[in-house]
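Chemist: For reference, the chains in residue letters:
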Amino acid sequence: MAPILEVRNLRVEFPTRRGTLVALDDVSFDIAPGEVLGVVGESGAGKSMTGAAIIGLLEPPGRIASGQVLLAGKRIDNLGYEQMRRIRGREIGAIFQDPLTTLNPLYTVGRQLVETIQTHLGLNDAEARRRAIGWLEMVGIPAASQRVDSYPHEFSGGMRQRVVIALALCAEPKLIVADEPTTALDVSIQAQVIALLKGLARDKGTAMMLVTHDMGVIAETADRVAVMYAGRIAEIGPVREVVKHPKHPYSVGLMASIPPLDRRVEHLAQIDGAMPRLSAIPPGCAFNPRCPEVFGRCRVERPDLLDAGATRAACWLYDPASEKRAPEAMRHG
Amino acid sequence: MFAFIISRILQAIPVMAAVALISFAMFAYVGDPVSIMLGQDFTEAQRQALVASLGLDQPFFVQFAKFVANAAQGEFGLSYRLSRPVAELIAERAPATLELAFCAAVIAMCVGVPMGVYTGLYRNSWLSRFFLTFSLVGVSLPTFLIGILLILVFSVWLGWLPSFGRGDVVQLGWWSTGFLTVSGLKALILPSITLGLFQLTLIMRLVRAEMLEVLRTDYIKFARARGLPNRAVHFGHALKNTLVPVITIAGLQLGGIIAFAIVTETVFQWPGMGLLFIQSVGAADIPVMAAYLMLIALVFVVINLVVDLLYYLVDPRLRVDRAAAKGA
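Heads up: the sequence lines are chains A and B, in that order. Heads up, the first sequence is in the UniProt record's numbering, so the first residue is 1 and it goes up one at a time. Heads up, the second sequence is in the UniProt record's numbering, so the first residue is 1 and it goes up one at a time.
Please keep in mind that the hints were generated in silico from the structure rather than gathered at the bench. Ideal placement from N, C-alpha and C gives every residue a C-beta, glycine not left out. The reader is advised that the hints may include incorrect statements.
[Unchecked claim] Heads up, simulated DSSO-like pairs for lysine-lysine below, C-alpha to C-alpha not over 27 angstroms straight-line:
| hint | chain 1 | residue 1 | chain 2 | residue 2 |
| --- | --- | --- | --- | --- |
| 1 | B | Lys240 | A | Lys204 |
| 2 | A | Lys174 | A | Lys204 |
| 3 | A | Lys204 | A | Lys324 |
| 4 | A | Lys204 | A | Lys74 |
| 5 | A | Lys198 | A | Lys244 |
| 6 | A | Lys324 | A | Lys198 |
| 7 | A | Lys74 | A | Lys244 |
| 8 | A | Lys74 | B | Lys240 |
| 9 | B | Lys240 | A | Lys174 |
| 10 | B | Lys240 | A | Lys198 |
| 11 | B | Lys221 | B | Lys240 |
| 12 | A | Lys198 | A | Lys174 |
[Said to hold, decoys possible] Far from chain B, some chain A residues (derived; all Cβ distances over 12 angstroms):
| hint | residue |
| --- | --- |
| 13 | Ser66 |
| 14 | Ala94 |
| 15 | Arg131 |
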C-alpha cells in the first residue's frame with residue numbers, strides 16, 4: 001500500500017546570529033495507512049521538531065531547508081500558509097503534550113469542537129453540534145450531551161486529553177501527529193488514553209506518528225519505531241526488533257536504560273555523557289563521543305541508515321567495508 | 001452573583017466613609033470659609049451669626065454626621081463662591097465632562113485595541129515600529145502640551161476646529177448634550193483626542209504585550225494545528241484571552257479620564273466638572289471640592305464593580321471557582 005506520509009531527507013535549520021543550527025538532518029521515513037510509527041529519543045533529539053515540520057508549524061525562524069514531506073503522494077512542505085491551514089486538522093490531526101494548556105480556557109469544549117468541524121466540513125450549527133457530542137461519546141466522555149457545554153477547567157486532565165483527541169480526530173484526518181500525548185497524564189490514565197487513541201486510529205484507519213520518550217507506550221502501541229539522536233534517525237525498524245534486538249549502540253543503551261521490573265538492581269543503567277547541543281555536534285557520527293563501540297571511521301564520516309538485519313541503523317558497524325563489525329551479541333540480539 | 005454584588009457594595013461603604021472623612025476634614029483645615037464669605041468689613045456679631053448659621057459651632061462628630069447624611073442625599077450645601085447649591089452646579093457641569101470622557105474612552109479603545117492587536121501580530125513590520133514610536137510620544141508628552149499643539153495646528157493654522165468651549169448644546173431634560181449639533185461635535189474632537197491619547201497608547205501597549213504572551217500559548221498553537229483560519233485564531237482565541245487585564249486597566253483609566261479631565265478642560269476651557277473644580281480650588285470653595293472628591297470616589301467604586309462583573313462575563317473559570325469555594 002502506498003504510504004500516507006513520506007518524509008524525504010528532511011532538513012530543518014534555525015538561522016541564528018551565531019550561525020545556522022541544523023535541528024533536523026536528513027530525516028527520512030514513511031508511514032503506511034493505519035500504521036503507528038513511534039518516534040523516541042532524548043529531549044532535544046528532534047522528535048517534536050519532526051512533528052512540527054510535518055504539520056507546517058515550525059517556530060520561526062526555523063524552516064525546512066531541504067527535503068520533502070509528501071502526504072498521500074502530494075508535496076505539502078512547500079505549500080503556503082493558507083493551503084497548509086486547510087490540511088491541518090482536515091488531513092493531519094495534531095495532539096499536544098499537555099491537555100491542561102492545549103484547550104482554550106474561555107470556550108466550552110463543544111464550541112471548540114463545533115468550530116473545528118465547521119471549519120473543515122462546513123456543516124450547519126445543529127449538525128456540527130450533533131457530531132461534537134458524537135465525538136465526545138466516542139472518546140469516552142460520560143454524559144457527553146451535557147458535558148458538551150462545559151468549559152475545559154471543568155474536566156480532569158485525562159478527560160481533557162480525551163477532548164483534545166476528539167478535536168484532533170473530528171474532521172477525520174488520515175494522519176495523526178501525537179506529540180507526547182500521555183507524558184503529562186497520571187500513569188493510571190496513560191494506558192487508557194493510549195488504548196483509546198490506538199483503538200480510534202485502528203477503527204478509522206488513521207495513520208499515526210507517536211512521539212514519546214516512554215518506551216512502554218511505544219512497545220504497546222507502535223508498529224514501527226524510529227530512534228532519533230541529535231536531529232537524525234539513528235535506527236528505524238519494527239517495534240519488536242528495535243526493542244528486543246536494537247542494532248545501533250545508542251538504541252542498545254536506550255533499551256538497556258529501561259529499569260527491569262523482575263529483579264532488583266543496584267544502579268540504573270545509563271548512557272554516559274549527554275546529547276551534544278545543536279551548535280556543537282561532533283564530526284562523524286553524532287553519537288561517537290558516548291559510543292562504547294566507537295572506532296576510527298566514526299569520528300570522521302557520518303553514517304547513513306544501513307541495513308542491519310531486521311532494522312536499519314545509522315552505524316558504521318553495519319557497513320561491510322568497515323574495519324570493525326558489530327559484536328556478536330548486537331548482531332543477533 | 002447577587003450576593004457578590006451586595007458584598008462588593010458593602011465593601012464600598014468603608015471606602016466612601018474614608019473619602020467622606022477627608023472631604024469633611026477640608027472644611028476644618030483648608031482656609032477659613034467664614035472670613036472668605038465675610039470679606040474685609042464685618043462685626044464680631046455678624047461673624048458669630050454666620051458661624052452659627054453654617055453650623056460650625058457644633059462638635060466635630062455632629063458636623064461630620066450631618067455632612068454624611070446630607071452627602072448621601074446628594075446635598076453638599078451652597079458654593080461659597082457662587083452661592084448656589086453644589087449639587088446643582090455639578091449636575092450642570094457633569095454632562096460636559098461625561099461626554100468628553102466617553103468620547104476619549106471610545107477613541108482610546110477603538111483605536112488602541114486594534115493597534116495593539118496589529119503590533120502584537122506583526123511585530124517586525126514597519127507600521128508596528130511606527131505605532132510603537134508614536135505610542136512613546138503619547139505616553140511621554142504631557143496632556144497640556146498635546147492639547148496646545150493640537151489647538152495650534154487645527155485651530156490656529158488650519159482653522160478647522162474650535163479651540164475652546166463646547167459649541168452649541170441641546171438641552172435634554174437636565175442633560176445638556178453636544179452630540180446633536182455640528183458645532184458641538186466639532187468642539188468635542190480636539191479635547192477628546194487630547195484626553196484619550198495617553199490612554200490609547202497605554203491600551204495599545206498593554207494589548208500588544210498580552211497578545212505576544214497569548215500567542216505563545218499551547219492553545220493558540222493547537223488552534224492553528226486544528227486548521228482554524230487566522231481571523232478566528234487571532235480575534236476569537238487570542239484577543240479574548242487578553243481581555244481580563246485589558247478590562248482592568250481600561251476601567252481604571254476610564255475613572256482616571258473622568259477624574260483627571262482637569263488639565264484638558266482647562267486647556268480647552270471645557271465647561272465641565274474639572275474646570276469647576278480648578279476654579280473652586282482657586283477660590284477655596286470647599287463644598288464644591290468636597291462634593292467633587294466624593295463624586296470621583298463614587299465613580300471609581302462603581303467602575304471597579306463593573307470591571308469585576310465583566311471578569312465574570314469574560315472568564316468562565318472565575319464563575320466556577322466562586323461556586324466551588326461556596327460549596328467547600
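Chemist: Give a verdict on every hint.
Modeler: Hint by hint, here is what the structure shows:
no., hint, result
1, B:Lys240 / A:Lys204, "35 angstroms, violated"
2, A:Lys174 / A:Lys204, "8 angstroms, holds"
3, A:Lys204 / A:Lys324, "47 angstroms, violated"
4, A:Lys204 / A:Lys74, "21 angstroms, holds"
5, A:Lys198 / A:Lys244, "22 angstroms, holds"
6, A:Lys324 / A:Lys198, "41 angstroms, violated"
7, A:Lys74 / A:Lys244, "35 angstroms, violated"
8, A:Lys74 / B:Lys240, "37 angstroms, violated"
9, B:Lys240 / A:Lys174, "32 angstroms, violated"
10, B:Lys240 / A:Lys198, "35 angstroms, violated"
11, B:Lys221 / B:Lys240, "15 angstroms, holds"
12, A:Lys198 / A:Lys174, "14 angstroms, holds"
13, Ser66, "24 angstroms, holds"
14, Ala94, "4 angstroms, violated"
15, Arg131, "14 angstroms, holds"
Violated hints for the displayed structure, listed by number in ascending order: 1, 3, 6, 7, 8, 9, 10 and 14.
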